[in-house]
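Participant: Sequence:
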Amino acid sequence: MGKIIFNKNELVMLGYSLERELLKTSSNGSYASTSLCFCNTRKYHGLLIVPQAQIDNEFHVILSSLDETIIQDDCPFHLAIHRYPNEIYSPKGHKYLESYDIKNTGKHVYSVGDICISKELLFSSEEDRLIIKYSVEKCDRSFKMQFSPFLAFRQRHKLSKANDHADTSFNKIVNGASFRPYSNYEPLFIQFSDKKTKYIHNPNWYYNLEYIREAERGYESQEDLLVPGYFEAELKMGECLYVTAAMNKIKPIEIEQTYIKEAEKIEPITTFDSELRRAAKDFLVKRDKKVEVLAGFPWFGRWGRDSFIALPGLCVGLKDMKSFKMAIDTLIIDMRDGLFPNIGSGNDSAYNSVDAPMWFFWALQQYVEYTKESKQVWKEYKDVMVSILDSYRYGKTKNIKMMTNGLIYASEENRALTWMDAVIGDQPVTPRRGMCVEINALWYNAIMFSLELAKESKDEDFISQWEELSENIPQEFKNTFWDKTFGWLADYVDGYHKDFSVRPNMVFATSLKYRCISPKICQLVLDRIYKELLTPFGLRTLSPTHKDYKVVYYGSQKERDEAYHQGTVWPWLLGHFVESYLRVYKECGYEIGERIYEGFADNVNNYGIGGIAEVYDGNPPHNPGGSISQAWSVSELLRIRYMLDKYKELMEGGKA
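Sequential numbering from 293 applies to the sequence shown in my numbering.
Keep in mind that a hint or two might mislead.
Unchecked claim - Ranges between beta-carbon positions, derived for each pair:
| hint | residue 1 | residue 2 | range |
| --- | --- | --- | --- |
| 1 | E941 | N911 | 36 to 42 Å |
| 2 | H457 | E508 | 27 to 33 Å |
| 3 | S434 | D621 | 51 to 57 Å |
| 4 | R887 | K450 | 40 to 46 Å |
Claimed, not checked - Calculated pairs, DSS-like style, for lysine-lysine (alpha carbon to alpha carbon, straight line, at most 30 Å):
| hint | residue 1 | residue 2 |
| --- | --- | --- |
| 5 | K688 | K667 |
| 6 | K316 | K490 |
| 7 | K940 | K805 |
Treat the hints as calculated values from the structure; they're not laboratory data. Glycine included, each C-beta is placed from N, C-alpha and C at the ideal position.
Using the sequences provided together with the hints, build the complete structure.
Facilitator: Below, the structure is given as C-alpha cells:
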C-alpha cells in the first residue's frame with residue numbers, strides 16, 4: 293500500500309508537502325482540510341468548515357487556521373506557515389516538522405531545540421466539533437505555547453476581506469473565548485482542557501494570504517483574515533493539551549473524554565482496504581435523521597447522480613445497508629416529475645440530469661443483490677420506480693421522451709444533461725443531444741430490473757404494461773448504436789448524425805446485468821476501451837486519437853472545463869470496466885482487476901491523503917486533479933475489491 297509515514301525531508305520540501313492534502317471529517321458533514329504542512333493552498337481549506345443553515349445550504353469556513361508558537365527563553369518559534377504574494381512564505385514553521393504518521397488519528401511531530409511535540413486532529417462524530425491534541429513528547433523544562441486563531445467566517449466558495457463591519461470583540465467562556473464577527477453567523481467557541489490557559493485580546497487583520505491552487509484555476513486567490521488575539525498555555529514533559537473549536541460550548545472536562553472516545557472509533561490504517569473504508573465514511577453525512585452522500589471534498593455538495601453511483605460501493609465496503617436505504621429515501625423526498633435533483637436539495641434543487649433516475653434503478657439493483665430483499669424493495673419502491681418509468685415513457689418532462697422505437701431521447705438548449713456536463717458560458721463542451729448510449733443501456737436495465745421484481749411479486753399489471761416494450765429494445769438499441777464497420781458503439785445519435793467518438797460511455801452497455809448487446813459485441817467494445825481508453829487510474833473520456841483530445845487537466849477553470857470530458861481520466865469508470873472484463877475474460881479479467889486495484893494502493897497518498905482523486909491527466913504520468921477525494925472514485929474501488937474477492941471465491945470453488 294501507499295506511504296503511511298512521511299519523513300522530515302518530504303515535509304519540509306514545499307514542492308512535496310503542498311501537493312498533498314489532508315482531510316478530517318465529521319459524520320455530520322463538517323470537515324477540516326489543508327496541505328500536509330498546514331499551509332492553506334485553497335479557499336476551501338480550513339480547520340473548521342461547517343454548515344450554517346440559518347444562512348444557506350452551503351458550508352462555511354469558520355476557523356481558517358490555529359497558528360501555534362512555542363515560547364522558550366522569550367524566543368518565539370512559529371510552527372505555522374502561510375503564503376503571501378510573490379511566493380513569500382511566513383512564518384516558515386514547516387521547517388520544524390519531523391514526521392507525519394497517518395495510521396491512527398494522523399500525527400504530526402514538531403521538533404524545536406530540545407522540545408518535541410506532536411499534534412493530532414479529529415472530529416466528533418456527534419457534532420460539528422474539531423479537537424486537537426498536543427502531546428509533549430520531549431523537553432528539558434516547561435515552556436509556553438501560544439495559539440492564534442485566524443478567523444474567516446465566510447462561505448467556502450468566497451473569500452474574506454478586511455472591513456469595518458466585523459465585530460472584533462470576544463466573550464470570555466470557561467477555559468476559552470467565543471468570537472462572532474458577523475451577526476448572521478453562529479459564534480465560534482474555542483476552549484482548552486487546561487483551565488490555566490489565558491486569552492490575550494489583540495485584534496488584527498492579516499492581509500493578502502494567498503491560495504496558490506485558486507490562482508492556478510484563475511480565481512481570486514488572496515484574502516484577509518481576522519486574528520482577534522491569542523491563547524497562551526504552559527506545558528511540561530508528558531503533558532497533553534486539548535483544544536476544541538465548535539459552534540457550541542462544551543464542559544472542559546469533556547474535551548479530553550470526547551477525544552479519547554472518538555479516537556477509539558477510528559480504524560487503524562494497515563492495508564489499502566482499510567484506507568478506503570476510512571475514506572468511505574467521509575462521504576456519508578448523517579444529519580436530522582437523514583443520510584446524504586457528499587460527492588467530493590473539499591468543494592462538492594450532494595449530487596443525485598453521484599449519490600446513486602457511489603452508494604453501493606460505499607455501503608458494501610462499510611457493511612452499512614441501513615445508510616444505503618436511508619440515503620435513497622432522502623433523495624426520494626426531493627424527486628419531482630420522475631427526476632431527482634442533480635445538485636442541491638429542497639428549494640435549491642436543480643433537475644438537469646437525465647441519468648440520475650436511471651442510476652437510482654441500478655443502485656436499488658445492487659441493494660437487492662447484496663440483501664436479497666427483492667420483494668421488500670418492490671413493495672417499498674414500486675410507486676417511485678413506476679413514476680420514473682412512466683415519466684420517461686410518456687414524456688412528462690420537457691426534455692426527456694421515449695421515441696417510437698422505445699429508446700430515450702434527451703435534449704435541452706444550452707444544457708448538458710448527462711454526466712459529461714461541463715458547460716462554458718452557455719455551451720456544453722461535450723454536446724450529446726439525442727439518444728445517448730449509456731442512457732439507453734441504463735433505461736433497458738431499469739425496465740428489466742423492474743420486471744424482475746414484478747415477476748417475483750407476481751405483479752401482473754406491471755408486467756402486462758412493460759414486458760412487450762422490453763422485448764423490442766435490444767434490437768432497436770443495436771440498430772441505433774452498433775456499426776460493424778467501426779466495431780464499437782456510437783456515443784450518441786441525433787437524427788441522422790451518429791457520433792462514433794471513442795468514449796467510455798459504451799462501457800455501461802457491457803457491464804449492466806441486463807444488456808442490449810451480444811457477448812461478441814461486448815467483447816469488441818471492451819477491446820476498444822482497453823486499447824484506447826484504459827489507463828492505470830481510470831478510463832479516458834476521449835480517445836487520444838481524436839482531434840479534440842486534451843493531454844492534461846490543468847490551467848484556468850475554462851481550460852479545465854475544456855479537458856474535463858475530453859480525455860481526462862475518471863477512476864469511477866473502472867468499476868464497470870472491471871465488472872465487464874471479469875465476466876468476459878474470466879481469470880485474465882481478474883488479473884487486470886487486481887493490477888488496477890494495487891496500482892491505486894501504491895499511489896493513494898500522492899494527492900489527497902487517504903482518498904482517491906476525482907480525475908487524472910489523460911497522458912502519463914497521469915497526475916491527479918479535481919477534488920482530493922471523490923465519493924464515486926472511492927466507492928468503485930471498494931466495489932472492485934468486492935467483485936474480485938467474490939470471483940476469487942468462485943475460482944477456489946471451481947465455479948468461476
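Participant: All hints, please: hold or fail.
Facilitator: Hint check results:
1. E941 / N911: 36 to 42 Å: Roughly 37 Å apart at Cβ, these two residues keep to the hinted range, so it holds.
2. H457 / E508: 27 to 33 Å: For H457 and E508 the Cβ distance comes to about 31 Å; the hint holds.
3. S434 / D621: 51 to 57 Å: 55 Å, holds
4. R887 / K450: 40 to 46 Å: Given about 43 Å between the Cβ atoms, the range holds.
5. K688 / K667: 28 Å, holds
6. K316 / K490: Within the cut-off at roughly 28 Å; holds.
7. K940 / K805: 20 Å, holds
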